[in-house]
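Generate coordinates for the entire structure from the input sequences, incorporating the hints supplied.
Protein chains: 2
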Amino acid sequence: MRVAVLYSGGKDSNYALYWALKQGFEVKYLVSMVSESDESYMYHVPNIHLTELQAKAVGIPLVKGFTSGEKEKEVEDMKAVLEGLRIDGVVAGALASEYQKKRVDRVAKELGLESFAPAWHRDPIEYMHEIIGIFDVVMVGTAAYGLDESWLGRRIDEDALKELVRLHEKYKIHVAGEGGEFETFVRDAPFFKARVVFDEVEKRWSECNYSGVLEVKRAHLEPKGQV
Amino acid sequence: MRVAVLYSGGKDSNYALYWALKQGFEVKYLVSMVSESDESYMYHVPNIHLTELQAKAVGIPLVKGFTSGEKEKEVEDMKAVLEGLRIDGVVAGALASEYQKKRVDRVAKELGLESFAPAWHRDPIEYMHEIIGIFDVVMVGTAAYGLDESWLGRRIDEDALKELVRLHEKYKIHVAGEGGEFETFVRDAPFFKARVVFDEVEKRWSECNYSGVLEVKRAHLEPKGQV
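Protein chains in written order, with our numbering: chain R, 1 to 227; chain D, 1 to 227.
Hints listed in this document are in silico derivations from the structure and should not be mistaken for laboratory results. Warning: the hint list may mix true and false statements.
For chains that are exact copies, the list does not tell them apart, and a pair is met inside one copy or across any two.
Result set (BS3-like, lysine-lysine): computed pairs, CA atoms no more than 25 Å apart in a straight line [claimed, not checked]:
| # | residue 1 | residue 2 |
| --- | --- | --- |
| 1 | K22 | K162 |
| 2 | K71 | K193 |
| 3 | K224 | K71 |
| 4 | K73 | K224 |
| 5 | K102 | K71 |
| 6 | K193 | K79 |
| 7 | K217 | K203 |
| 8 | K203 | K162 |
| 9 | K203 | K109 |
| 10 | K79 | K109 |
| 11 | K193 | K73 |
| 12 | K109 | K71 |
| 13 | K71 | K162 |
| 14 | K101 | K162 |
| 15 | K102 | K79 |
| 16 | K172 | K224 |
| 17 | K172 | K193 |
| 18 | K203 | K101 |
| 19 | K73 | K102 |
| 20 | K102 | K170 |
| 21 | K172 | K217 |
The structure is reproduced here in structure tokens:
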């Protein structure tokens, strides 16, 4: 099975990649859709240029497709990007978003591809435990009451997960951020040959919107297995 | 004819793209090989992250492949990247380098693809006149006696070409930079929907090596056709 993994650099797309590799799939390409505007409905936007470092760390070619950012156009743009790849299937990190899942499934069907969403409808808490066990993952965007500025750049570990569960009980935050409550970035994974190190970051916090972004200004790859 | 254009962002790969579009080819992907090290024998390295802005300006998906930077491995890595694309041909900006041309031809042949090199063995001066007429192109790297620091960031226009011709007569500099004398970057072309604007650049000049690089630290796209 030759596949492309829809890849934004966050936990869900890295989980999709992890799963695909574990299945023994031949992952030919990682595919990132980049919005021409700064808005995007379907894809993970902040720090999307960092996906190149991750792809380099994994050693799988990265295909960057461009989209105007208009809601319906994005799907057609993604289809045009996938249409030119010699693959049998596409793997996505969709967790609970019917919107995203349906559209990827439709594009896959139209192109005669199998569509996989290994995290689809997983229990969020159990899924997050697994994520924490596999990845070095940090929060790079927040947009939910309860997630204050201190969450930006925070590593998601078991302690952070406990707090997310409490915030879920209090404010109904989705524990895996599926409602757009937060965005993540994976700095390291078992299949990374080098880890991403942030050299310079800036927190951009808006009190009015109660949301923020960790802007990674400089980052580099550091080989692993060295003391 | 569905093709991929080998794309580094410089004048030769933009000329290859220009030619392919003029032929009426369907350019499905631009393909950039990025070296894992900072050295690369076959590909244009400085500022390669800027190719993403150019691809966005053109509106054609960009495939970034990664290579260890070892001389023979690069060809195999490029082959693996092209192998997964549903294309009939590959277009390269090769001008006079037998090394590059032979390897691209070999990979194309092994994959059953047609190989095009529209600038191959063109007269350098006549070719540069054509380049100047089509593109807004600047020098972003220099490595030849005669090309001092003032060339970094300089726009290549007819005056610059006259000087290059003089430098050719004096120091045997290849007028189109084919021997690695200089690297270029295309900021605008007729098929760009937006132009690349450099916001912050830094000249990095080494007097010992008599060579330099224009490092583009920040750049953005500016829509065209606006007053």
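Cross-check of the supplied hints:
no., hint, verdict
1, K22 - K162, "neither (28 Å within a copy, 59 Å between copies)"
2, K71 - K193, "between (35 Å within a copy, 21 Å between copies)"
3, K224 - K71, "between (40 Å within a copy, 24 Å between copies)"
4, K73 - K224, "between (40 Å within a copy, 22 Å between copies)"
5, K102 - K71, "within (14 Å within a copy, 44 Å between copies)"
6, K193 - K79, "between (30 Å within a copy, 21 Å between copies)"
7, K217 - K203, "both (10 Å within a copy, 20 Å between copies)"
8, K203 - K162, "within (23 Å within a copy, 49 Å between copies)"
9, K203 - K109, "neither (41 Å within a copy, 50 Å between copies)"
10, K79 - K109, "within (10 Å within a copy, 28 Å between copies)"
11, K193 - K73, "between (35 Å within a copy, 17 Å between copies)"
12, K109 - K71, "within (20 Å within a copy, 41 Å between copies)"
13, K71 - K162, "neither (35 Å within a copy, 50 Å between copies)"
14, K101 - K162, "neither (28 Å within a copy, 58 Å between copies)"
15, K102 - K79, "within (13 Å within a copy, 34 Å between copies)"
16, K172 - K224, "neither (38 Å within a copy, 45 Å between copies)"
17, K172 - K193, "neither (37 Å within a copy, 43 Å between copies)"
18, K203 - K101, "neither (31 Å within a copy, 47 Å between copies)"
19, K73 - K102, "within (15 Å within a copy, 40 Å between copies)"
20, K102 - K170, "neither (30 Å within a copy, 65 Å between copies)"
21, K172 - K217, "neither (32 Å within a copy, 41 Å between copies)"
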